[in-house]
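Quick note, the sequences are listed as chains A and B, same order. Numbering-wise, the first sequence is residues 1 to 317 according to UniProt numbering. Numbering-wise, the second sequence is residues 1 to 474 according to UniProt numbering.
One thing to keep in mind: the hints can contain errors.
Footprint (simulated), chain A over chain B, 3 or more residues, beta carbon under 8 Å [to be verified]: (1) 243 to 249; (2) 261 to 268.
Restraint ranges, calculated between C-beta atoms of paired labels, are given here [to be verified]: (3) A:Gln51 x B:Glu369: 51 to 61 Å; (4) A:Asp250 x B:Pro34: 49 to 59 Å; (5) B:Glu155 x A:Asn258: 52 to 62 Å; (6) B:Leu285 x A:Thr73: 43 to 53 Å.
Here are some chain B residues the structure puts well away from chain A; computed CB gaps all over 10 Å [stated by the list, open to error]: (7) Ile8; (8) Ser31; (9) Gly105; (10) Arg106; (11) Ala129; (12) Gly152; (13) Asp278; (14) Asp290; (15) Tyr326; (16) His371; (17) Lys386; (18) Lys395; (19) Gln398; (20) Asn402; (21) Gly421; (22) Val457.
Quick caveat, the hints were computed from the structure, so don't treat them as lab data. Quick caveat, the model's predicted, so the values are computed rather than measured. For every residue, glycine included, the Cβ atom is placed at its ideal position computed from N, Cα and C.
Chain by chain, the residues run as shown.
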Amino acid sequence: MLSRTADHLYWMARYLERAETTSRLLEVGARTALLPDPSGGYRNDWEAVLQAKGTLEEFKEKYGDTNQRNIETWLFFDSDNPASVLSCINAARENARVVRTALTSTVWDAINSAYQELKQLQRVERSKLMVTDLTEWTQRFCHLVRGCISATQLRNDGYAFMGIGTSIERADNTARLIDVKYYVLLPSLSYVGSGLDQSQWALLLQSMTAQRAFNWSYSGEITAQKIAHLLILNRKFPRSLLSSVQWTCDHLDDIAQNYANGTRAQQDAHQLFDDLSRATVDDIFDEGLHEFLQRFVARNAGLANTVQDVYLRGIPA
Amino acid sequence: MSATQAKIFNEMMNGPDVRAAYANLETWYRSMPPELRNLKQSEAEALFRRVGITFAVYGEGGDPERLIPFDMFPRVMTAEEWRKLDKGIRQRAAALNAFLCDVYGRREIIRAGKIPEHLVTNNEAYEKAAIGFRPPGGVFSHIVGVDLVRTGPDEFYVLEDNCRTPSGVSYMLQNREIMMRMYPQLFMENRIAPVDGYASALKRTLASVAPKKCVSEPKIVILTPGQFNSAYYEHSFLADLMGVELVEGQDLFVEGDFVWMKTTEGPKKVDVIYRRIDDSFLDPLCFRPDSMLGVPGLMNVYRSGGVTICSAPGAGVADDKAIYTYVPEMIRFYLGEEPVLENVPTWQCAKEDDCKYVLENLDELVVKEVHGSGGYGMLVGPKADKSTIEAFAHKIRQNPDNYIAQPTLALSAVPTFVEEGIAPRHVDLRPYCLVGEKIELVPGGLTRVALTEGSLVVNSSQGGGVKDTWVLAE
Chain A
1 MLSRTADHLY WMARYLERAE TTSRLLEVGA RTALLPDPSG GYRNDWEAVL
51 QAKGTLEEFK EKYGDTNQRN IETWLFFDSD NPASVLSCIN AARENARVVR
101 TALTSTVWDA INSAYQELKQ LQRVERSKLM VTDLTEWTQR FCHLVRGCIS
151 ATQLRNDGYA FMGIGTSIER ADNTARLIDV KYYVLLPSLS YVGSGLDQSQ
201 WALLLQSMTA QRAFNWSYSG EITAQKIAHL LILNRKFPRS LLSSVQWTCD
251 HLDDIAQNYA NGTRAQQDAH QLFDDLSRAT VDDIFDEGLH EFLQRFVARN
301 AGLANTVQDV YLRGIPA
Chain B
1 MSATQAKIFN EMMNGPDVRA AYANLETWYR SMPPELRNLK QSEAEALFRR
51 VGITFAVYGE GGDPERLIPF DMFPRVMTAE EWRKLDKGIR QRAAALNAFL
101 CDVYGRREII RAGKIPEHLV TNNEAYEKAA IGFRPPGGVF SHIVGVDLVR
151 TGPDEFYVLE DNCRTPSGVS YMLQNREIMM RMYPQLFMEN RIAPVDGYAS
201 ALKRTLASVA PKKCVSEPKI VILTPGQFNS AYYEHSFLAD LMGVELVEGQ
251 DLFVEGDFVW MKTTEGPKKV DVIYRRIDDS FLDPLCFRPD SMLGVPGLMN
301 VYRSGGVTIC SAPGAGVADD KAIYTYVPEM IRFYLGEEPV LENVPTWQCA
351 KEDDCKYVLE NLDELVVKEV HGSGGYGMLV GPKADKSTIE AFAHKIRQNP
401 DNYIAQPTLA LSAVPTFVEE GIAPRHVDLR PYCLVGEKIE LVPGGLTRVA
451 LTEGSLVVNS SQGGGVKDTW VLAE
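Next up, chain A with everything else stripped away, as it sits in the complex (with noise of 0.2 Å):
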């Protein structure tokens, strides 16, 4: 295969999964906005949420006040924000339409329907539309074409790139989202078994469609522990950061068998597996949660440079 076709359709599962990390934190956002503050008024994450986007002071200086309008706006409308909703399906099509001749017209249609929905949807005056409604389609969407993937693709390199590509992103924004509230997650004595406390962490879940996930694999109450074992350690939930990377694991060594040639990229991305399996929940809060989140993050923005290097950029290995 082409590497640059490789790479678009990297890029395109990239983009994909990342839309709906956004659509996610904007749904998060909204959904914190509506709890009573205990000092008063209600609560306002939104500077957090937009610093798990790194995209806080382009915010900023384009509209200066958070205020929740100017928020959703940027991070689902607006084209100068790299990140939002808009972006990363406009990259995600784009990346598509170059290669469609990779993709079966099922996906591509699922791609081009989507792109032609959110056209109509700019259209729409923006009072009409509920922050709920454009977070529930943009995950809708990315479901579709997932599911479209996965039904309909060969499982050729072209897959194996596809679910490279999904798999880095998620372990990326999996980590970013347990990063915006790694506080909450910290234990200290005097929010343990407040209300708001049990709040916070339940909307953590909810942010990761995980809270039946969470009681169908954990009794008793709620913990910090748990919780972070089910989003960074659990091999059975789909979006943790270990399964994330057992899948770049396993498309990795897909192509390795496929091409009869194992790469140092297969060797990185299992020595990351292997570090993350034997770690324990104690030993990241003794780490610290965000050091270890951001020392993750660090480390699987590596692998995806190696796998670039020894499959995208077309330089013999």
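Keeping the supplied structure of chain A fixed, place chain B upon it in accordance with the hints.
Frame of chain A; chain B shown alone:
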């Protein structure tokens, strides 16, 4: 012969009667209520948009992904009509290739005094880097698009030849696909020769001209300028149908005696490049040093027989509008045959007498730039006002070599859906002739239609539309 005087030939009619070839369509159209037609029309548009056939026009702004209007009323040719076209097109494609081999080789046609030397060697499209090189099979132009117009039941004229990289074949294939999907009944009632063998014929043609150095199954690629090119859809469509890679310049590199493409498994050798970029962008070392589209060193590999480029660099000299007038002469010279298809009578402003005549009769003529394409920079005399004609006359006097003129032909018309029902609209036809070891031609082509009443400009860049083109089976 001018459109304003002569009666326009409606291809569906023979006097007051509907011609047999169109009889079924007449019934079909009459039995279709307007609501159904509108529904079908929007269904067709949705299909086009969904498969993503769009057309970008340079420098016009607006929607870069707009559709070429598709008219559902097919154009029909009888087997007998097609037989003549088929023969004439193959003849022309053979002669054009013989001419190209000759002008980059021994130049016999020039030595025989049949074509003035300066028209060839001073031509911008005459490629110095191709002199003395004979591509595999002696083929320069592997896909020849011959633009035809019709003025009467048996009167066909060649308007121009396209020897470089004629586009539009994807519309020929998709128009058929969509008609078959929407009106299967029509295809049961009429025996229509299929066109879907085009992609495999193209692949066969390209494989048949692989370089000698290629000892295994030839690796074919399509070289595109990229997704922002107006014909990008077509490039990816053809790559898909043939099952070959669609590459950009950045995907290829030269090392040693060969061209390689960058793949996830490392470099892979490329044998045949069907390029959809212009000569001047092929190789920055040989042509335009500022080109980002090409592959540095490609021409060296080409000239040493490591790769075949289709069409061959330099093929454009054969489709130049000044050379066009000599094609009948080429047919006689190389093939020893009389031309089956006629040229449109053409005045060359480069000749003093011709130029005088043209300037005196501008209001009746169509004037074109010698190197122009896409319907740009032309004057349609009978449709132009006085000041436009005067401005154009000035341009001709400034640079007469740059212009040719032809009579305003009474282009035939084919029924076309309009607001009020159907009405005749002017059409042309571009079949695609493939030249490799053999010459192949699928029965059909792209019919372009001028959707505006009375308009003779069918170019898609100027609001023209397309139709499915049927050749009835014997």
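Checklist entry - Which numbered hints does this structure break? => result none
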